[in-house]
Structure formats: C-alpha cells, structure tokens
Amino acid sequence: NAGVMQNPRHLVRRRGQEARLRCSPMKGHSHVYWYRQLPEEGLKFMVYLQKENIIDESGMPKERFSAEFPKEGPSILRIQQVVRGDSAAYFCASSPLQGSMNTEAFFGQGTRLTVV
Amino acid sequence: AQSVTQLGSHVSVSEGALVLLRCNYSSSVPPYLFWYVQYPNQGLQLLLKYTSAATLVKGINGFEAEFKKSETSFHLTKPSAHMSDAAEYFCAVSDGNQGGKLIFGQGTELSVKP
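Just so you know, the sequences run in chain order E and R.
Per the numbering used here, the very first residue in the first sequence carries number 15; after that it's consecutive.
Per the numbering used here, the very first residue in the second sequence carries number 82; after that it's consecutive.
No lab work stands behind these hints, which were simulated from the structure alone.
A portion of the hints provided could be inaccurate.
Stated by the list, open to error - Here are some of the chain E residues that sit facing chain R, going by a computed Cβ distance under 7 Å:
hint : residue
1    : Y47
2    : G56
3    : F59
4    : Y62
5    : A107
6    : S109
7    : E118
8    : A119
9    : F121
10   : G122
11   : G124
As the list claims (entries may be wrong) - Here are the simulated EDC-like pairs of lysine to aspartate or glutamate, each with C-alpha atoms no more than 20 Å apart in a straight line:
hint : chain 1 : residue 1 : chain 2 : residue 2
12   : E       : K76       : E       : E32
13   : E       : K58       : R       : E169
14   : E       : K58       : R       : E190
15   : R       : K130      : R       : D166
16   : E       : K65       : E       : E82
17   : R       : K130      : R       : E147
18   : R       : K130      : E       : E118
19   : R       : K130      : R       : E169
20   : E       : K58       : E       : E77
21   : R       : K139      : E       : E118
22   : E       : K85       : E       : D70
23   : E       : K58       : E       : E118
Just so you know, these numbers come straight off a predicted model, no measurement behind them.
By construction, the Cβ of each residue, glycine as well, lies at the ideal position given by its N, Cα and C atoms.
Kindly produce the complete structure, drawing on both the sequences and the hints.
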C-alpha cells in the first residue's frame, strides 16, 4: 500500500508564476489536509478537503491560494502569482475517517517550493 | 481553542543519555495528542499518540510519552539516545472533531553527540 504521494518534491518558480502542488492520498483515504512549514517553524494547517468538498479552509491565505480534491485524481494546492514569502515546504496528509479525533493522519514527503 | 507549546527549540544530548522533549498543551476538550518526527528533507512520521486509553504511551524506536492532565503535559522521553535519533520532533494536538487537522508545536531539534 503506497503512502501519501506528493509531487513534485522540489519546485522552483519565479515571482508572479503559478505553482501547482499535487497530493495523492493513501488508498482508501478520502480526507486530505494541507499544511505549510515555513523555515524554522512548525507546520500550520491550511485546508481540509474531502472528495469534491472543502470542509475547512480556515488556514488558507485569503488571496492567491486555492485547493481542490476532485472526484478523480489527486488533490491540488494552487498558488497564483507566487511571491518570495510563499517559499516553504508544503505537506499533504490523508486520513480514512471523519469526526474521529484520534485518527492518525499520514503525511507525504512534502513539496519544497522555492520562489526566486 | 487548542494549542501546543514545545519548550526548547534545540536540545542536545550525548549518545546513550536520556532524551526528554517537553510539550505542554491547551485544550478545551479532552485532548488527543501526537508526537511526530521529521528527518531532514522528509515528511513527518508518527512516533506515538495518546487517545485516552492509557496515560503512558509507548511508540516506535524506543520512545514513550506520559500524559499528565494536572500538568497539561505530554513530554517525550527515550532512556538512551542513538545517533539516528537526531531529527526534528513535533508535538501536536487534534483540533476538534477533525481527525487529521492538527495543531503543531514549533518543533524541537534534537542533536545527539557521540
């Protein structure tokens, strides 16, 4: 059973370009979470999605950031018009159950975005 | 609202010495608590989790943590450090009823000296 797959592992974008980060959850998992880790900081929750639904986007910046989890295919975190401050590691996690506080979330290897 | 505080951003121990990484939490509901380890340029791996079944939780790689409600603490320990334990360690609390939505501490970088 493959783990959570994120690609690309490393992404370099120039200021003003778009960044697309992909996450394929573990088989059988229908809940996806995106986190951002800025240098020297812990992970900060961004958004929680189920198939075709955004459940909680309280951690998403109001502008330029969007996320989706279509019925088919991976979850996508999209950052438009990137700025240097977007440089960070973006982690995706998946879990099989909703409403269960002790459910373990499995993390991917992350995508390290560098904006130059 | 839930929150987590990790005391000490850097901890250094000698190989074979006790490892103690501190975590205090704040939660308006009975908490579910987690410790994750992150090796350089890698994702997070779950070490152990507290789900109210037992206050002393044993995890992988010889780590354990004790939930102390009176102290609102969930410190991570290992009796004898190995060089391979050098990594970043994160304490986290589950936020509300969304299992995968976690509130993380700032992290503690563990260094192990030979």
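Here is what the structure says about each hint:
no.	hint	in the structure
1	Y47	holds, 4 Å
2	G56	holds, 4 Å
3	F59	holds, 6 Å
4	Y62	holds, 5 Å
5	A107	holds, 5 Å
6	S109	holds, 4 Å
7	E118	holds, 6 Å
8	A119	holds, 4 Å
9	F121	holds, 4 Å
10	G122	holds, 5 Å
11	G124	holds, 5 Å
12	K76/E x E32/E	holds, 16 Å
13	K58/E x E169/R	holds, 15 Å
14	K58/E x E190/R	holds, 17 Å
15	K130/R x D166/R	holds, 18 Å
16	K65/E x E82/E	holds, 8 Å
17	K130/R x E147/R	holds, 10 Å
18	K130/R x E118/E	holds, 8 Å
19	K130/R x E169/R	holds, 17 Å
20	K58/E x E77/E	holds, 17 Å
21	K139/R x E118/E	holds, 15 Å
22	K85/E x D70/E	holds, 18 Å
23	K58/E x E118/E	holds, 17 Å
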